[in-house]
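Participant: One letter stands for each residue in the lines below.
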Amino acid sequence: AQRVTQPEKLLSVFKGAPVELKCNYSYSGSPELFWYVQYSRQRLQLLLRHISRESIKGFTADLNKGETSFHLKKPFAQEEDSAMYYCALAGGGSQGNLIFGKGTKLSVKP
Amino acid sequence: NAGVTQTPKFRVLKTGQSMTLLCAQDMNHEYMYWYRQDPGMGLRLIHYSVGEGTTAKGEVPDGYNVSRLKKQNFLLGLESAAPSQTSVYFCASSTYRWRDTQYFGPGTRLTVL
Chain G
113 AQRVTQPEKL LSVFKGAPVE LKCNYSYSGS PELFWYVQYS RQRLQLLLRH
163 ISRESIKGFT ADLNKGETSF HLKKPFAQEE DSAMYYCALA GGGSQGNLIF
213 GKGTKLSVKP
Chain V
26 NAGVTQTPKF RVLKTGQSMT LLCAQDMNHE YMYWYRQDPG MGLRLIHYSV
76 GEGTTAKGEV PDGYNVSRLK KQNFLLGLES AAPSQTSVYF CASSTYRWRD
126 TQYFGPGTRL TVL
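Chains as they are written, first to last, in the numbering used here: chain G, 113 to 222; chain V, 26 to 138.
With the rest of the complex left out, here is chain G (with noise of 0.2 Å):
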């Protein structure tokens, strides 16, 4: 079954100090896999997907197949990165779902 799993529902940490949101999954497949994130009384909107290998807003998040991981990480937390962060997977072929995680909510402190 596709399952993703974000195991921290809330993390804090202080600004300038490196974070690390993570997310693993299962699929037997290949998968494909996206971080999406929610500011405060904003939209959902993608931030970053394994497949474009981008950096976006000093973001980034790297495939594991051998670990199904795509944990985020940022070297240095802004204020303004505070927000809700959901991983997602997309597998199964054309009919598949987008599945998401249950989010991880992160706080960075002045």
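Take every hint as true, because none was put in to throw you off.
Taking lysine-lysine pairs in the PhoX-like style, the calculated list, with each CA pair at most 25 Å apart, reads:
hint, chain 1, residue 1, chain 2, residue 2
1, G, K127, G, K217
2, V, K34, V, K95
3, V, K82, G, K214
4, G, K169, G, K185
5, V, K34, G, K217
6, G, K134, G, K121
7, G, K134, G, K214
8, G, K121, G, K169
9, G, K214, V, K34
A short, non-exhaustive set of chain V residues, derived as facing chain G with CB atoms under 7 Å:
hint, residue
10, L68
11, L70
12, W123
13, T126
14, P131
Part of the chain G face toward chain V, derived, beta carbon under 10 Å:
hint, residue
15, V116
16, K121
17, Y148
18, Q157
19, A200
20, N209
21, L210
22, F212
23, G213
No lab work stands behind these hints: they were computed from the structure. For every residue, glycine included, the Cβ atom is placed at its ideal position computed from N, Cα and C.
Let chain G serve as the given structure and place chain V on it in line with the hints.
Facilitator: What follows is chain V alone, placed relative to chain G:
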């Protein structure tokens, strides 16, 4: 270019009442989706559509119906609202398939008393 819009933004219903949520997109996307977001549960797919005139069930379809009569609109109906349907509802659309970026609406906060 408004992207994805949702109507209404807020609504309070009494148990047993019915209502329709409207989602509209102006990006000519084929795929449209309805999700509900509950605390500690993330986003769960209710129904989706892969094109005009088509709909399909998602993960949590019970108690909801949908219609996609026009490509740009996707309607979510609650026939007989229940308190368990209190949630924030998000509509999204994408170009063609699940693996494409999904663009979300601002959400509708629904309370069923």
